[in-house]
Amino acid sequence: MRPAVNVGLSVSRVGGAAQTKAMKKAAGSIRIDLAQFREMEVFTQFASDLDNATKEQLQHGHVLMELLKQPLCRPLSTAEQVITLCAANGKVMLPLELKNVKDFQMKLIDYIRAEHQEIITQIENGGVLDEELNKAIIDAAKTFRDEYMAKEG
0 MRPAVNVGLS VSRVGGAAQT KAMKKAAGSI RIDLAQFREM EVFTQFASDL DNATKEQLQH
60 GHVLMELLKQ PLCRPLSTAE QVITLCAANG KVMLPLELKN VKDFQMKLID YIRAEHQEII
120 TQIENGGVLD EELNKAIIDA AKTFRDEYMA KEG
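Under numbering that gives the first Met the number 0, residues 0 to 152 are what the sequence shown spells out, in order.
Please keep in mind that the hints were generated in silico from the structure rather than gathered at the bench. Computed from a predicted model, the values in this text were never measured in an experiment. Virtual Cβ for every residue (Gly too), placed ideally from N, Cα, C. Some clues are possibly wrong.
[To be verified] Computed spacing ranges between beta-carbons, pair by pair:
1) Glu-131 with Lys-90: 18 to 26 Å
2) Glu-38 with Glu-114: 34 to 42 Å
3) Gln-69 with Phe-45: 31 to 39 Å
4) Gly-89 with Asn-51: 16 to 24 Å
5) Lys-68 with Ala-34: 14 to 22 Å
6) Asn-51 with Ser-76: 30 to 38 Å
Could you put the whole structure together from the sequences, leaning on the hints where they help?
Okay, structure coming up:
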């Protein structure tokens, strides 16, 4: 399965103009991260021992690929996408097993909707993804991740 976005064929000029400020900021490095991941993935086919930084970059790329897959007839709202991308950029999901990433994503969104509604409200009201909001999302995601891993692990 491939992600919903093909970074090689992206219409970034049109798409960028249509995005909210929060989405632009949250998605900023995804394109570069995925390009680096694809290059690294090809390179690692021929290498057997990898350093920790390379392993982390590969895991981050695999997590991004999982997160960009959306179920049919259930697109994510802008707030849900921003939360997902902030958590991914903050590398919150790196300790998770890849098979649990989508489950974690959906449960994280439910958790933030229940426990941190102000985050969703701020994003939905056209708020800018400033350092404070980004930190609030990452902190909430880390708190939830710790609870999630304690239950799942």
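Structure-based check of each hint:
Taken as a hint, the range 18 to 26 Å holds for the pair Glu-131 and Lys-90, whose Cβ atoms sit roughly 19 Å apart. Taking 34 to 42 Å as the suggested C-beta distance range, the pair Glu-38 and Glu-114 conforms, at roughly 38 Å. Between Gln-69 and Phe-45 the Cβ separation comes to about 33 Å, which falls inside the hinted range of 31 to 39 Å. In this structure the supplied range 16 to 24 Å holds for Gly-89 paired with Asn-51, their Cβ-Cβ distance being about 18 Å.
Checked against the hint of 14 to 22 Å, the C-beta distance between Lys-68 and Ala-34 comes to roughly 18 Å, which is consistent with it. Range check, Asn-51 to Ser-76: Cβ separation about 35 Å, and the 30 to 38 Å hint holds.
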